[in-house]
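> Residue-level listing of the chains:
Protein chains: 2
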Amino acid sequence: MNMGNVSERRAQPPAIGVSVVILALGPASAEHPTSANSTLWIPLVRRIRQPFLGDWALPGGGLRADHSLEQAAYAALESTTDLHPRYLEQLYTFGDPSRSHGGLPMVSIVYWALVGQAETKDFAEADNVRWFPENDLPALAFDHRTIIDYALWRLRTKIEYPDVATKLVGDEFTLAQLHGVYEAITGQPIDLANFRRKMLASGQLEPTGRKRREGRHRPAATYRYAPGPESTGDWPPFVKRQEAFQPIEVAPSTDSHDNSALAALVPSR
Amino acid sequence: MNMGNVSERRAQPPAIGVSVVILALGPASAEHPTSANSTLWIPLVRRIRQPFLGDWALPGGGLRADHSLEQAAYAALESTTDLHPRYLEQLYTFGDPSRSHGGLPMVSIVYWALVGQAETKDFAEADNVRWFPENDLPALAFDHRTIIDYALWRLRTKIEYPDVATKLVGDEFTLAQLHGVYEAITGQPIDLANFRRKMLASGQLEPTGRKRREGRHRPAATYRYAPGPESTGDWPPFVKRQEAFQPIEVAPSTDSHDNSALAALVPSR
DNA sequence: ACAAAAGTGTTCCAGTTACACCCATGC
DNA sequence: GCATGGGTGTAACTGGAACACTTTTGT
Numbered sequence: 012m013n014m015g016n017v018s019e020r021r022a023q024p025p026a027i028g029v030s031v032v033i034l035a036l037g038p039a040s041a042e043h044p045t046s047a048n049s050t051l052w053i054p055l056v057r058r059i060r061q062p063f064l065g066d067w068a069l070p071g072g073g074l075r076a077d078h079s080l081e082q083a084a085y086a087a088l089e090s091t092t093d094l095h096p097r098y099l100e101q102l103y104t105f106g107d108p109s110r111s112h113g114g115l116p117m118v119s120i121v122y123w124a125l126v127g128q129a130e131t132k133d134f135a136e137a138d139n140v141r142w143f144p145e146n147d148l149p150a151l152a153f154d155h156r157t158i159i160d161y162a163l164w165r166l167r168t169k170i171e172y173p174d175v176a177t178k179l180v181g182d183e184f185t186l187a188q189l190h191g192v193y194e195a196i197t198g199q200p201i202d203l204a205n206f207r208r209k210m211l212a213s214g215q216l217e218p219t220g221r222k223r224r225e226g227r228h229r230p231a232a233t234y235r236y237a238p239g240p241e242s243t244g245d246w247p248p249f250v251k252r253q254e255a256f257q258p259i260e261v262a263p264s265t266d267s268h269d270n271s272a273l274a275a276l277v278p279s280r
Numbered sequence: 012m013n014m015g016n017v018s019e020r021r022a023q024p025p026a027i028g029v030s031v032v033i034l035a036l037g038p039a040s041a042e043h044p045t046s047a048n049s050t051l052w053i054p055l056v057r058r059i060r061q062p063f064l065g066d067w068a069l070p071g072g073g074l075r076a077d078h079s080l081e082q083a084a085y086a087a088l089e090s091t092t093d094l095h096p097r098y099l100e101q102l103y104t105f106g107d108p109s110r111s112h113g114g115l116p117m118v119s120i121v122y123w124a125l126v127g128q129a130e131t132k133d134f135a136e137a138d139n140v141r142w143f144p145e146n147d148l149p150a151l152a153f154d155h156r157t158i159i160d161y162a163l164w165r166l167r168t169k170i171e172y173p174d175v176a177t178k179l180v181g182d183e184f185t186l187a188q189l190h191g192v193y194e195a196i197t198g199q200p201i202d203l204a205n206f207r208r209k210m211l212a213s214g215q216l217e218p219t220g221r222k223r224r225e226g227r228h229r230p231a232a233t234y235r236y237a238p239g240p241e242s243t244g245d246w247p248p249f250v251k252r253q254e255a256f257q258p259i260e261v262a263p264s265t266d267s268h269d270n271s272a273l274a275a276l277v278p279s280r
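Protein chains in written order, with my numbering: chain D, 12 to 280; chain W, 12 to 280.
Be aware that one or more of the hints could be misleading.
What the hints assert, rightly or not - Restraint ranges, calculated between C-beta atoms of paired labels, are given here:
#1 D/Asp182 with W/Arg208: 39 to 47 Å
#2 D/Ala212 with W/Arg229: 30 to 38 Å
#3 W/Leu148 with D/Glu225: 28 to 36 Å
#4 D/Gly65 with W/Ala68: 57 to 65 Å
#5 W/Pro200 with D/Glu42: 38 to 46 Å
#6 W/Arg60 with D/Asn205: 38 to 46 Å
#7 D/Gln23 with W/Asp147: 34 to 42 Å
#8 D/Lys222 with W/Glu217: 39 to 47 Å
#9 W/Pro200 with D/Ala212: 36 to 44 Å
#10 W/Arg223 with D/Thr45: 34 to 42 Å
Everything labelled a hint here was simulated from the structure, so no lab data went into it. Quick caveat, the model's predicted, so the values are computed rather than measured. Glycine residues also receive a C-beta, built at the ideal position from the N, C-alpha and C atoms.
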């Protein structure tokens with residue numbers, strides 16, 4: 012590729028990449044406790060080249076012409092953690108020339124993903140991957156701090172939709188657990204009595220009939236998220252949602268289809 | 012640029028572009044009347060090459076490494092109409108390989124823009140540019156129909172925020188006008204009495220003291236949109252908004268700064 | 001029996017809806 | 001005066017917030 016002088020390069024299109032903000036519910040961090048006993052954790056990867064060498068950054072990768080954006084996001088996710096996302100949505104596309112800070116100009120299409128609580132036990136920490144609590148992030152490369160703040164803001168404003176909240180707990184959960192998720196995310200105390208009624212009234216929660224003992228006291232009924240066709244609004248009335256969650260050919264290599272891992276990504280509303 | 016065989020090209024990054032869905036309030040179309048006497052109009056450009064030669068498409072263009080996404084969106088907008096946007100926001104990024112339909116793979120970062128009613132008099136119709144009412148669109152190239160549907164959906168869900176609605180009328184407007192905008196966009200009849208109270212209660216409307224005669228009857232007081240610092244929520248609590256509306260160097264050529272045209276784009280909340 | 005969390009009932013309040021009504025202006 | 005839209009008043013309805021209360025379990 013021949014790019015002559017500077018002004019010629021400036022006229023070139025920028026590079027494209029995809030990044031992912033992965034969010035999982037974990038224990039409240041010891042140093043920075045919060046009112047709730049859970050916090051959000053985010054995995055970051057350490058940069059191994061300039062600029063920002065040694066700083067932490069969002070997982071991400073390049074984009075191939077024969078892959079969808081979701082596929083690229085999913086690949087970036089896999090490069091960081093074995094956890095499978097239960098929710099994956101496009102967040103925003105950042106492309107300001109100033110954000111590269113000395114690197115080559117880059118447009119980043121950012122996704123955010125939620126992974127379930129049950130699975131977060133294996134917070135597998137590779138050498139260059141580490142999980143950080145949302146309220147105690149290290150110095151971040153590029154504008155990634157801004158991006159994370161935006162992702163958290165989006166989560167907080169979107170948490171009202173039951174399907175988002177349920178993606179942060181296991182498939183089967185008690186209302187108290189779900190309540191905890193809401194409090195952890197909003198940072199606000201929420202009246203449990205009203206919360207329970209509101210959730211049940213939404214018609215999107217299906218009792219499993221089973222019970223679960225949380226502490227050493229009365230067991231609670233468990234529920235499962237059940238979409239229900241009456242879910243209006245929120246998402247556009249057209250195919251976009253299906254399109255976004257088409258089966259993904261995960262491996263960039265030729266022939267390995269593993270869509271089983273993507274069962275959780277099937278359109279949910 | 013040398014790209015050998017097909018599989019090699021598939022591994023290349025796709026091209027990037029920016030498209031804009033421009034929305035303006037205009038008269039209800041004769042063939043497809045609606046309950047309200049206004050409808051949304053959208054300018055489209057005719058394609059002059061394959062694929063989809065002769066079909067209509069959203070205005071758009073390429074991306075340069077030294078331009079921000081907003082600058083590119085603004086440039087695309089200028090290529091179509093002289094109208095200046097009063098609102099410009101990123102909508103979504105589309106990148107599915109299937110969307111190119113025989114063309115080269117392309118990632119499109121789509122913006123949507125609102126232009127004021129007063130200015131739409133000069134619906135300047137160039138040979139390859141035509142305005143269409145939202146309810147009577149022609150056959151569209153690529154997935155542009157989906158994109159427009161998404162933009163309309165977004166507008167309809169966002170119209171609640173007074174700042175969005177006011178962007179579709181002139182700087183000075185009567186409550187009846189604003190009411191008409193709401194009805195045109197939602198398609199629902201809205202109780203005028205309650206509407207007026209709600210708007211005034213929002214504290215974001217400032218009386219000008221002037222009056223305007225609309226029909227041949229009692230004149231109505233006019234108002235102006237006045238942000239007010241109490242506007243909470245809606246937008247993320249960080250710089251993103253400012254960043255998104257930094258002064259834009261419009262012309263791709265070397266040195267012509269014309270930021271005066273962008274006064275309307277200054278952050279409004 | 002007692003502690004602790006699960007789960008239910010009930011009141012209060014604020015914001016919205018529906019609709020009746022008065023006001024200002026042109027003809 | 002009267003027609004027409006501008007503008008106000010108000011009662012009924014609705015959903016959420018607050019909090020007292022009952023139930024079920026383990027020790």
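> Determine for every hint whether it applies to the structure shown.
Consistency of the hints with the structure:
| no. | hint | in the structure |
| --- | --- | --- |
| 1 | D/Asp182 with W/Arg208: 39 to 47 Å | holds, 46 Å |
| 2 | D/Ala212 with W/Arg229: 30 to 38 Å | violated, 46 Å |
| 3 | W/Leu148 with D/Glu225: 28 to 36 Å | violated, 54 Å |
| 4 | D/Gly65 with W/Ala68: 57 to 65 Å | violated, 46 Å |
| 5 | W/Pro200 with D/Glu42: 38 to 46 Å | violated, 56 Å |
| 6 | W/Arg60 with D/Asn205: 38 to 46 Å | violated, 59 Å |
| 7 | D/Gln23 with W/Asp147: 34 to 42 Å | holds, 40 Å |
| 8 | D/Lys222 with W/Glu217: 39 to 47 Å | violated, 58 Å |
| 9 | W/Pro200 with D/Ala212: 36 to 44 Å | violated, 28 Å |
| 10 | W/Arg223 with D/Thr45: 34 to 42 Å | violated, 53 Å |
Of the hints listed earlier, those the structure fails to meet are numbers 2, 3, 4, 5, 6, 8, 9 and 10, in rising order.
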